[in-house]
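**Student:** Keeping the supplied structure of chain W fixed, place chain Y upon it in accordance with the hints.
Number of protein chains: 2
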Amino acid sequence: MNMRFTQAAIDTLCADALRFLAIDAVEAARSGHPGMPMGMAEIAVALWTRHLRHDPADPAWPDRDRFVLSNGHGSMLLYALLHLSGYDLPLEELKRFRQFGSLTPGHPETGHTTGVETTTGPLGQGLANAVGMALAEKLLAAEFNRPGHTIVGHRTWVFVGDGCLMEGISHEAAGFAGVQRLSRLICFWDDNRISIDGDVAGWFGDDTPARFRACGWNVIPAVDGHDVEAVDHAIRQALDNAGRDAGPTLICCRTTIGRGSPAKAGSADVHGAPLGAAETAATRAALGWHHGPFEVPDEVRAALDAHADGHARHEEWKARMAAYAAAYPELAAEFGRRMRGELPGGFAVLADALVAGVHDEAATMASRKASQLAIGRLAGALPELLGGSADLTHSNLTDWPGCGAVRADQPGRHINWGVREFGMGAALNGIALHGGFIPFGATFLVFSDYARSAIRMSALMKQRVIHVMTHDSIALGEDGPTHQPVEHLPSLRLIPDLDVWRPCDAVETQAAWHAAVARRDGPTLLALSRQNLPHQPRDDAALQAIPRGGYVLADAADPVLVIIATGSEVALAMEVRLALQAEGVAVRVVSMPCTSVFDRQPDDYRAAVLPAGVPRLAIEAARSDGWWKYLAGAPGAVVGIDRFGASAPADELLRHFGFTAGAVLARARALLAAP
Amino acid sequence: MNMRFTQAAIDTLCADALRFLAIDAVEAARSGHPGMPMGMAEIAVALWTRHLRHDPADPAWPDRDRFVLSNGHGSMLLYALLHLSGYDLPLEELKRFRQFGSLTPGHPETGHTTGVETTTGPLGQGLANAVGMALAEKLLAAEFNRPGHTIVGHRTWVFVGDGCLMEGISHEAAGFAGVQRLSRLICFWDDNRISIDGDVAGWFGDDTPARFRACGWNVIPAVDGHDVEAVDHAIRQALDNAGRDAGPTLICCRTTIGRGSPAKAGSADVHGAPLGAAETAATRAALGWHHGPFEVPDEVRAALDAHADGHARHEEWKARMAAYAAAYPELAAEFGRRMRGELPGGFAVLADALVAGVHDEAATMASRKASQLAIGRLAGALPELLGGSADLTHSNLTDWPGCGAVRADQPGRHINWGVREFGMGAALNGIALHGGFIPFGATFLVFSDYARSAIRMSALMKQRVIHVMTHDSIALGEDGPTHQPVEHLPSLRLIPDLDVWRPCDAVETQAAWHAAVARRDGPTLLALSRQNLPHQPRDDAALQAIPRGGYVLADAADPVLVIIATGSEVALAMEVRLALQAEGVAVRVVSMPCTSVFDRQPDDYRAAVLPAGVPRLAIEAARSDGWWKYLAGAPGAVVGIDRFGASAPADELLRHFGFTAGAVLARARALLAAP
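For the protein sequence lines, the chains are W and Y, in the order given. Each residue of the first sequence is one higher than the one before, counting from 1 in the UniProt record's numbering. Each residue of the second sequence is one higher than the one before, counting from 1 in the UniProt record's numbering.
Don't read these hints as lab results, they were simulated from the structure. Cβ coordinates follow ideal geometry from the N, Cα and C atoms, glycine included. Check before you lean on any hint, since a few could be wrong.
Stated by the list, open to error - What follows is a set of in silico ranges between Cβ atoms, one per label pair, in the way DEER data are often shown:
1) R193/W with E334/Y: 36 to 42 Å
2) R193/Y with L239/W: 33 to 39 Å
3) A362/W with A586/Y: 58 to 64 Å
4) A586/Y with E92/W: 35 to 41 Å
Unchecked claim - In the SDA-like style, the derived pairs of lysine to any residue whose C-alpha atoms are separated by at most 25 Å in a straight line are:
5) K629/Y with G613/W
6) K369/W with R519/W
7) K369/W with G272/Y
8) K369/W with A332/Y
9) K369/W with A518/W
Chain W with its partners taken away, still in its complex shape (with noise of 0.2 Å):
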């Protein structure tokens, strides 16, 4: 510690130093939120340099803790710190902060900047990604822990605002913590009564502390936000109360949003614009600082310097994963590849030799059944397979013999998220962030709206995460409308990086599954039936072709038809080739389980596929629209569904959309009577 200042006197250099950062850089980009990290500086003063435990020279060390800013648009309080406690993260970027390449964009994102966990922005994700790494540290705990051998043992801290607050994936995230009893999950709540549109006052009367304590949260209410002795005290009580069974904290802190500046501290008018140079030298004659724009004084950065301690509490973890390894040398190496997010060795040759054993079954079911099959044939070969339910759990058959329950007291394989889609989404893209695991999280198709933001979140991030989202169409049948999928397919393949996988069959949907495990830079979304698929037979060449997401499946020779289907829609298809064979057309049928993947294949592969200028006809039971694509260069239809659909048992409902043989027969017609 520096000589010439009281312990106290540093922190509030230390703060002012991230508040002036955060200035100067909004500043200096004509945009940003400079409000937040002006409130929330001794907060981080205290949790930075006092308690988190990382190393700056190795961001990716498993056993740090993990920290996530869920209020991201305070970006700069993180760039900030990432830059002084010593990551790669050159003052130079901080000046560039939110311009075109910089290592410092508008909200943090993952995998861009070093140190950023997760990316933030959209509300209340952080807070539920949070639940999802500190489930995973617990459950990487009890199964790799050893007695007098710890080698995973770090907290995952979250900042959230009033705003990640009032969304309601707080509510889910919150409930699912509090019943799953995450106690190394410790959050701070900024509470500074102010969101955009002003005092919060008129739409936000929640008692916050009363409502986690409802949640099984441990409270620590009414800390001094601008305290950092405060703050400290509060989080050495958390850490005290962090048993088993405490349950995740809460850290309450009042603060003031843009704290420094005389004319906007406590007002909505900080939270989103730059202060203005006025009213940047105003602040700086305020708090007494007199550094120039991103001059930073050596004993801040000598306080928040982590690279001292970080490196001998990495050197400590070091040696306790040495003894480890010593001793449970196969545990040690495994935990190695599971963090590294490795498959296992020889994983290739076993997806081949099962994709070619479920072909020799020739089964008829449903693919979320052939799905249920196809989990509980990869989950010895890979135990880092993590799965779970919204609460369908036998609908979307995501359990599997063995999995064992995750529960408070008890560790296992299968999550029931309770009925919280999207938490569970967000949850699903912290756990991937973690490492360690390749979760998977169900519900109904239809239900993807719930979790559609993160959906996205997991293809925006990279994360492999598999959205398993059965029920894929109006042949759930009685639920009706409200639970018939129409326009989700197209809807979803719209998802930049995302692969929507629809099999057709069991072999398939089990190729389905080792392409979603197999991808390590972005998520799969498989669309399940509810109802039975015939098994479709193949050549070879058709069975190799699956990883490819679009193959053909039965061919003629020159065949004046392409008939394109995807899932439940392949074996219609094939009972209109056989018709049309036997009047002497010539038909091709090509199964399209994957469009995105199919896309990413050479242009003469795909030209081979579907040769230009012969006639197409797409046939899926969901929205036409984004078939066209797939029709151009060559006469086209499609069928499709473009209206809601009904209640009523499924066969009826294929017959009055038109998905019989005898209706699919007359548009093939059409189109090839057509001019």
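**Tutor:** Chain Y alone, transformed into the frame defined by chain W:
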């Protein structure tokens, strides 16, 4: 009352009749959800025979109580109640539960079955619909009631299950209802400790009474939900406590799911599957129910028939309404117009004049700003416009001079919803369903994901709700990919019956608002720019054609290229057209602000706008896939964005992603040069 039975015996008979209608209908359908009706039967008897103020002979009576079944899978309970209380829902329809074309679909559908106030099934949304209904009641009462004349004074009653309460939207709805002190909202919690996966203890540990108290609700705990008198007593407590500041009420009813079934009561087995013949018989025996399937004793029909009470209450209200009309004839006429959902006479003339005026102004501005001005121009003529924003008022620009903020103690016309996009969306549906208002609510377009299921429900219910979504492309700039919509425009267009308008200037913005308020059979979503958009000059034909959704904005004799564009990209299309015309290439520009409205135009109009065989180039700063539908039948290309955005100033992003005249020109030339 029947003299042979005590009140308690009649109540029991009624509850059991409801139980068996549900059991028998689910048996007949071989699918459905008997558990909830069996568990909430006594609560329904208490509410429907003793408190609910409604008139089965006039389900549209404006001052009727609203009843919402948020746990919509229990639809048979509602159908049984509607049938027995005297709505036009014959027993034959109950026997056709979940069959094609019946009035008794799997989940309740408003507009399809008389007396069903809202479509439910997607959990939690019914509660938020009810919040909107209660708010509409409160605001209408404040606007229309006069001293001594209460013409608006009804209640909103809601049934919710554990599933609804796990959903995040229940938090948004509860928080908003609490801070707005919606004292005429009374909610019954079916506390049966069972959800689909089983005993909720493993995934739902909330102290629900404490949670609702924390949100400012009046909570009546620990009511025996199988004791009609106890429920009645709790309702009376709620009514006694219904002063202006009491807040909404939650009545916590301890129940047993599937009560009456010897083998299945209290278990998840009875939630969503028929009891089966043997267990149905066992339940008949256990409850001493000696009637055949669908047989209802006369005593039950007499006790549940609401015609007499309903008629009396309705007549009493009509008398009050007549007195009101005598004292305030203009207000009474206006109340009638508002509740019928008719626009004021002469609105079409006003609308034309407004569009012409905006065209004459020829102003350059952001379409979000043009939207604010449009709202301001309409607000005087349309007092039913009720606006708001999910905590982005000064970004979405949804307020207008003199609108007044809606607060617990103050009526107004602009609602600060807080950071509650999904809750807002579902509450807007409730407001529209209630009648008397044309509600609109706003957030950023990217956060339509949070509200997506509610937007879908607006469309499924054909409600006149206006979803205002600003910051409609990467051109929002520095906030980066978490805030930049890319897939949202095409994906929202996939929702059946939703009209998505993306106006290119202030003129189209004004016209889009007119289309939205004039549309009686469905919702509209407005996608509006953050950045300025130049005015587009038009001839009269073009001005008249805006309401057709797509029209020729600028033409050429014998065009060799048609450029289709929307919103901010129309100006780019016009720029490219000028450059090509200068080279002697004849180019037509089609502005396509609303594809679905264009799709509804006659074939000849559409063919005239997009002539067959002429190459087409579509330009939109969004995923390209949806445009191929409009390129069928001609050579085509799409300038779009098929990846996530980035954080940078807007101009740099547009350059990087190819939205410059130069880049589009190159694409146009390549298209024209193609063989």
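**Student:** Against each hint, give a clear statement of whether it holds in the structure.
**Tutor:** Hint check results:
| no. | hint | in the structure |
| --- | --- | --- |
| 1 | R193/W with E334/Y: 36 to 42 Å | holds (39 Å) |
| 2 | R193/Y with L239/W: 33 to 39 Å | holds (34 Å) |
| 3 | A362/W with A586/Y: 58 to 64 Å | holds (59 Å) |
| 4 | A586/Y with E92/W: 35 to 41 Å | violated (51 Å) |
| 5 | K629/Y with G613/W | holds (17 Å) |
| 6 | K369/W with R519/W | holds (22 Å) |
| 7 | K369/W with G272/Y | holds (19 Å) |
| 8 | K369/W with A332/Y | violated (60 Å) |
| 9 | K369/W with A518/W | holds (21 Å) |
Figure legend: structure checked against the earlier numbered hints; hints not met, in rising order: 4 and 8.
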